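Colleague: Model the full assembly from the supplied sequences, consistent with the hints where possible.
Numbering (the numbering used here), first residue to last: 1 to 176.
Accuracy of the hints is not assured; some may be wrong.
Using C-beta positions, here's what the derived DEER-type ranges look like [unchecked claim]:
(1) 124 to 12: 26 to 36 Å
(2) 13 to 86: 41 to 51 Å
(3) 75 to 4: 17 to 27 Å
Calculated directly from the structure, the hints in this document are not laboratory data. All values reported here derive from a predicted model rather than from experimental measurement. Here a beta-carbon is modelled for each residue, glycine too, at the ideal position from N, C-alpha and C.
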Amino acid sequence: MRALVDERVRETPELAPYRADVAGMLRKMAKDAHESGALYMGCMAENFDDIPLSATVTVSVLGVRDRQGVALSTDPRAIAESLRTITPRREGDAWRTVTTVEIPEVGPAARTYGVEDVPVAEGDTRTLRMVLTQTYVPVPGTTDQVVLISGASPVLDLADAFHDIFDAVTSTFRFV
1 MRALVDERVR ETPELAPYRA DVAGMLRKMA KDAHESGALY MGCMAENFDD IPLSATVTVS
61 VLGVRDRQGV ALSTDPRAIA ESLRTITPRR EGDAWRTVTT VEIPEVGPAA RTYGVEDVPV
121 AEGDTRTLRM VLTQTYVPVP GTTDQVVLIS GASPVLDLAD AFHDIFDAVT STFRFV
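Modeller: Right under this line is the structure:
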């Protein structure tokens, strides 16, 4: 982690005063991703005209069984039907759209995107409002696993742009 931060500070010297903050943020994100079972995590932290922008992408493999251990469908349409749309009551409320998408070279996938209240930590009642895109990709050759690709950012004013970015990143996903 230290080497990554040092390299970034060399590239962007104005980050030097924030070296400890950046390192701490990266350590926390990596720890949270690892504890949630993520296989991959990428994060971005940039300043554009003195406006801090940050986002993360994580990739996890999930089993598809309910609480009783019964296998659930990995069909993207069935997954989408099981996910809940959130309709805002007034401007500024959380919202979520549920759909299916086609990922090149992978096929159909279920997706949610919106602005949602995400728990700060497991068991914590506090939430953080985030731009969130989650794509559920069936794992070929199995009937009990999906890959979850999650993109998140706390920069709510750029929700549409981040949804486009997360869609672009997700469209590069491939099974190898």
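Colleague: Which hint numbers does the structure go against, in order from smallest to largest?
Modeller: 3
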